[in-house]
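**Student:** In case you want the letters, here they are:
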Amino acid sequence: MDVENESLLNRFIARLLTGCLGLGALLFMLWFFITQWGGITDFLAWFAIGVEDFPNALSRVATHYSALPPNQLLPAFLIGIVFGSVSTARIARPKNPLWLLVGGLLGALGSQLLVLPTQHCTFAPTIDSTQALIGIGITLVGSVVFLIPLWTYLRVSEKQYESTSGYFRNRWLPYVLIVPMVLNLGVFLYYPSVQTVTLSLFNKRYPLPQEKFVCLDNYSRLANDVVYQNSFVTSFVLTIIVVILSIGIALSIAVIASQKIKFASVYRTFLIFPFALSPVVAGAIFLAMFREGQTGLINALIYSLTGTTLSWLRDPHLARVAIVMASVWNILGFNVLFYIAGLQNVPQDLLEAAQIDGANRFQRFFRITFPLLAPFSFFLLVTNVTYSFYGIYGAIDTLTAGGPPLGAAGSLGGATNVLIYKLYEDAFNSGSPAGLAAAQAVILFIIVAGITLLQFRTLESRITYSD
Amino acid sequence: MKRLFAFMAIVMFGAVAVTPILAQDEIVVDFAHIFGGEGDVRRDVLQAIADDFEAQNPGIKINLVSPGNDYTEVFNRVLLDAQQGNGPNVVQVEEGLTQLAADSTLFIPIGDFATPEQMTQYEGILPVVRNYYKIGETLWSLPWNSSNPVVYYNKTITDLLQIKLPDSPLTFQQVLDICKQVKAVEAVIKAANPAFQACINFPMTSWLPEQWMSMQNALVANNDNGRSARATEMNFTSPEMVKIIQFYKDLSDNGYFTYTGTPNDYNGEGGLFGTGATIFHINSTAGITLFVNGFAGAGVELGIAPLFVPDEDATNGVTVGGASVWVLAGQSEAETKAAVDWAFFLTNMENDIRWHQGSGYFPNRQDSIDYLTTGGAFVDADGKPTTADAAGAKEAAWFDTYPFFAVAINQLQNSAGTAANQGAVIGSNAEVRMILVKGLQSVVDSGISPEEALAAAKTQADQVLADYNAVVEP
Numbered sequence: 000m001d002v003e004n005e006s007l008l009n010r011f012i013a014r015l016l017t018g019c020l021g022l023g024a025l026l027f028m029l030w031f032f033i034t035q036w037g038g039i040t041d042f043l044a045w046f047a048i049g050v051e052d053f054p055n056a057l058s059r060v061a062t063h064y065s066a067l068p069p070n071q072l073l074p075a076f077l078i079g080i081v082f083g084s085v086s087t088a089r090i091a092r093p094k095n096p097l098w099l100l101v102g103g104l105l106g107a108l109g110s111q112l113l114v115l116p117t118q119h120c121t122f123a124p125t126i127d128s129t130q131a132l133i134g135i136g137i138t139l140v141g142s143v144v145f146l147i148p149l150w151t152y153l154r155v156s157e158k159q160y161e162s163t164s165g166y167f168r169n170r171w172l173p174y175v176l177i178v179p180m181v182l183n184l185g186v187f188l189y190y191p192s193v194q195t196v197t198l199s200l201f202n203k204r205y206p207l208p209q210e211k212f213v214c215l216d217n218y219s220r221l222a223n224d225v226v227y228q229n230s231f232v233t234s235f236v237l238t239i240i241v242v243i244l245s246i247g248i249a250l251s252i253a254v255i256a257s258q259k260i261k262f263a264s265v266y267r268t269f270l271i272f273p274f275a276l277s278p279v280v281a282g283a284i285f286l287a288m289f290r291e292g293q294t295g296l297i298n299a300l301i302y303s304l305t306g307t308t309l310s311w312l313r314d315p316h317l318a319r320v321a322i323v324m325a326s327v328w329n330i331l332g333f334n335v336l337f338y339i340a341g342l343q344n345v346p347q348d349l350l351e352a353a354q355i356d357g358a359n360r361f362q363r364f365f366r367i368t369f370p371l372l373a374p375f376s377f378f379l380l381v382t383n384v385t386y387s388f389y390g391i392y393g394a395i396d397t398l399t400a401g402g403p404p405l406g407a408a409g410s411l412g413g414a415t416n417v418l419i420y421k422l423y424e425d426a427f428n429s430g431s432p433a434g435l436a437a438a439q440a441v442i443l444f445i446i447v448a449g450i451t452l453l454q455f456r457t458l459e460s461r462i463t464y465s466d
Numbered sequence: 000m001k002r003l004f005a006f007m008a009i010v011m012f013g014a015v016a017v018t019p020i021l022a023q024d025e026i027v028v029d030f031a032h033i034f035g036g037e038g039d040v041r042r043d044v045l046q047a048i049a050d051d052f053e054a055q056n057p058g059i060k061i062n063l064v065s066p067g068n069d070y071t072e073v074f075n076r077v078l079l080d081a082q083q084g085n086g087p088n089v090v091q092v093e094e095g096l097t098q099l100a101a102d103s104t105l106f107i108p109i110g111d112f113a114t115p116e117q118m119t120q121y122e123g124i125l126p127v128v129r130n131y132y133k134i135g136e137t138l139w140s141l142p143w144n145s146s147n148p149v150v151y152y153n154k155t156i157t158d159l160l161q162i163k164l165p166d167s168p169l170t171f172q173q174v175l176d177i178c179k180q181v182k183a184v185e186a187v188i189k190a191a192n193p194a195f196q197a198c199i200n201f202p203m204t205s206w207l208p209e210q211w212m213s214m215q216n217a218l219v220a221n222n223d224n225g226r227s228a229r230a231t232e233m234n235f236t237s238p239e240m241v242k243i244i245q246f247y248k249d250l251s252d253n254g255y256f257t258y259t260g261t262p263n264d265y266n267g268e269g270g271l272f273g274t275g276a277t278i279f280h281i282n283s284t285a286g287i288t289l290f291v292n293g294f295a296g297a298g299v300e301l302g303i304a305p306l307f308v309p310d311e312d313a314t315n316g317v318t319v320g321g322a323s324v325w326v327l328a329g330q331s332e333a334e335t336k337a338a339v340d341w342a343f344f345l346t347n348m349e350n351d352i353r354w355h356q357g358s359g360y361f362p363n364r365q366d367s368i369d370y371l372t373t374g375g376a377f378v379d380a381d382g383k384p385t386t387a388d389a390a391g392a393k394e395a396a397w398f399d400t401y402p403f404f405a406v407a408i409n410q411l412q413n414s415a416g417t418a419a420n421q422g423a424v425i426g427s428n429a430e431v432r433m434i435l436v437k438g439l440q441s442v443v444d445s446g447i448s449p450e451e452a453l454a455a456a457k458t459q460a461d462q463v464l465a466d467y468n469a470v471v472e473p
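Residue numbers (numbering that gives the first Met the number 0), protein chains in the order written: chain D, 0 to 466; chain U, 0 to 473.
Looking at chain U on its own, in the form it has when it is part of the complex:
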């Protein structure tokens, strides 16, 4: 028995000693992202891009890792790992976590490490997209998967009701008018579809009010949305915000609006709309393919329209949603270079187009959009989308073949690029956003006036800002 233990010990330590020798002299870039779910096609697109990068850069290996399937989970894991020196090299960070990431001291500003060629590539990104990830003059990260809210509607029903939507975005007043029309024939709709509940539903989220603030060229937070200096106050009680919340109240008081009862329930709200509970719906462009396929399968016509505007004068445009890629600090020079190169490779024109076509997130670059306007898709003799190598396939414009993508991209291209379009950077964004959501809920569900709800939300949010700033400021 003793001999056996000795043997075991020798084998064990032998194996441990040999392990590092086996590791080769190659640079490994760990890229942490959220698309690692079982059967997620976006992971396959990402893997294909990584394979191409490896082929072009011998000696560098891209290791795709998914410590979680949502942004918060991945972000928290990566930051904790990084504090113990075990972090990945590059990570996908949601837009709302920008300030927190910048404050963490665990990332490098990618702009300071980019080559002049890479900075030229960066300039090709749409200004409204690229400006989000700049705080002051520091470029922290590269925009990657970008999305926007758009309006989805049940075109079969609106056609039946003879509701004609204009090409320009609907104003709040127009929405209320249309919903009034729908309400008048509610009994008829219910008889045909017992699942019908209300004219419109959308997620109870602070993302939409933020968009509507941007459209009115209004700042969500002071100090230029927290860009020129740390935000110390939320502009929740501004007339622009009151106007937005009044819209929620008007919708709900008149019985035009419903929601699942759960905040930030993007999937649940989409489900409500999908089952015919509502006729109008607002959701992220990230789900566009899902809606298009689902409605096509059900034989119902889906309409996609730009996001509502508060009024005709609110022409400032939207802010970008989604995520960007950040490079972690504390790596060797070679690793940092490889990580920065990977981030730029992932977001270059070719991969921007590939990612858009494979994932449904929209292209970030002007040259990608130009290319997709003239080419990028293949159709058969009847003009139906087909694969490039199918017999008789000919090249066609991508946006002509898939026109619903154009809605989101137009809306983004038409954004003015002011500080309001940049969106607010708040360290404790999750908390502040949740406070606004609770404000919305108390208006919709408890009949509290918009002014009172917003004043209470502002008091709470400003306290959160003060608490947060006290920790990170020296």
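Chain D on its own, in the form it takes in the complex:
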């Protein structure tokens, strides 16, 4: 066979394969659309209702505004105007009164963003002080959302925007390309978020259809609820312990596992294994270990050594220990994985140079290895904090169900009743207070977002990422 024929044959096979692949994709799409058609029609119908209802929604808003007494309507606008103009005046250079005007206008508009869903209830004369304060807070937040684009514009124009990154030749192409992602986020993230915030203003019992508007009552209730306050403290304490332990232990294990020994890759695989288990499975494993009496593995061991057993799940302190151990064990594999990858990136020549200069093992680790791992440590810090706030639900649910109760009949909460567990308990039991749970979800989101932001602002600036 000569070369020309061979290349022809290759091209034929390539086209055949492409064709088969295309046909396969086509058949898959067909199958997908036909089987999913019911769901898609539901989605389209839901979308159509939204579009149809839009004029009604507008008229409802108009009625709301016209019916509102001025003493309830004006404060929010006033706050927005003052805040918008004053804050913009501080940023704008040169001081142009025009910016003051624009700032005031945007601030006033923004002030209505979050206040409108609350139906201006926080400015009602009969409202309690906690709710009134939160009301002012959300008015300001709404204003900030509208003012940020203006501030950005003012700052950027000051710096003379210089782009060093790539650009698109077609002006509209980038927007077209992000449409699928925006749709995706809109349907699965933004819309549910808006729904959650709206739900937090209602007294509603899941899964009943009835609901009653209660303004910010759910929030002020949580602020004054001793069970919630204790849950808050428990969450922070557990998070700090879990994060320190999980990162510390993972780093030690990773250092050991990175030594050049036989079958190192096998050991590493086993070390990463716990991460492959869901928190619920991890919880079940730990339940088998911590059970009462001698049916539990750990108690059987303790009994054979000391002749007595511990009530791991019935004692508040021991229950917390059990939860910390299960949570740390579950995330350990993930952390080890990243640290092993990080350690492989530490340049050996640096370590050798240090060794020649007389640095001992510890000095080499703390002066060279650890600082070079900083980007990994930072990433793990952020993910582990998020995990400790959200991800330990599974372990708590299988091990302690938020207990043991503190105080008489749990009037002070539960020893392991962290924020995310309390939220689940309040959200998904039949007949549970869904509005209160939604308020907790909003607060939890603000906390975790706040901590993450804080970490980025305080720690990230000190980290050097290698190129």
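None of the hints are false.
Using 16 Å as the maximum straight-line C-alpha spacing, the simulated EDC-like pairs for lysine to aspartate or glutamate come out as follows:
hint, chain 1, residue 1, chain 2, residue 2
1, U, K336, U, E116
2, U, K182, U, D249
3, U, K242, U, E450
4, D, K211, U, D466
5, D, K211, U, E472
6, U, K383, U, E394
The hints are simulated quantities; they were obtained by calculation from the structure and are not laboratory data. Keep in mind it's a predicted model, so treat the numbers as computed, not measured.
Please arrange chain U on chain D, whose structure you already have, making use of the hints.
**Tutor:** Same frame as chain D, but now just chain U:
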């Protein structure tokens, strides 16, 4: 390529357009239940009953669906689906969710749609069972799978210790006395079985205190257990309830009691008892077959006794546990009729017996019990249970062949049928029950006095009732 896309589009829309035409003009009744787990024999029994219904009612198809394997999951899913117009036609709802279901406005009261013949069938259900599902004068649903707590005990050990249980239920005091006897020889038992922990264990649940309230003819909630009007107060601080919680305290202070540390851990507690950690155990009759088979396999003799009573005077009897079947609103007239017919078919005498024999849940009807007292089982020449078509099989009384079922049924038949036996209907039952469980835990684990724990539980529970009522009341 363009032609290909056009072709694809035509095929796609063609398929979509044809789909509804293919659907036939038959009524489909979706029945949502919790027994859909892999290898669950109860699903097979249910399927057999559904097949018979279809054979008798051409044009109606029973579609068994399991959106989850526990009551809460199924209930939540069904209610959310129903609010979007996608709900099933009939659903199995746990007894504790009765008030919530009634408040949801998504169900029809089955009593209002039943034919006179069907209402006659309904009258044949044991009063203590059927009354649970009535709120005021409204009959909301039909009882289906019913259970009760009974006492299981390790007869091999009680025989060794020469503990003889009376035929009548043990009182709290008698239990404490027996446990004292057991405690005295604890070292000997531990030497023989290192897994031994305590005299008794049972789930940390509010179900048992509720039973013991009913036995004392005491209401758990005000307004006739929430039956004459919405409950606004829990009777947690009543002397009857204090007496019950004192029992928990006495058991635990003396080291007679243990539990897994997890609330409502029916399976885990059963496991403790099964491994010999305890000698006495309380659990649902739903697990009766499991215990009987497990103990027979281990060569240990299992005893089954009626639930303890607070004292000799507490003769009012128990309340029913389990679930009933509800028909959803918003269906066409024909669909509603088919759904109601299915619910009554599922719970008629023949299927009541079939369901009892296949699942272990107890029969709900007096005529079923009468039948099972005289027949219903088959034994071989030696009197051992066998199948009907085995050679030499002869008919025998079911309860004589399987005497452990009789314990639960006697206990139910002996219930007085007062408002206390009806059990409390509370909208946010899950929350209120959990508060009581935490009260029990704080007495057992943290040494808090029963009075203090119950007062704290009442404060919390009453607040929950007020919050709930504020949402559902117009």
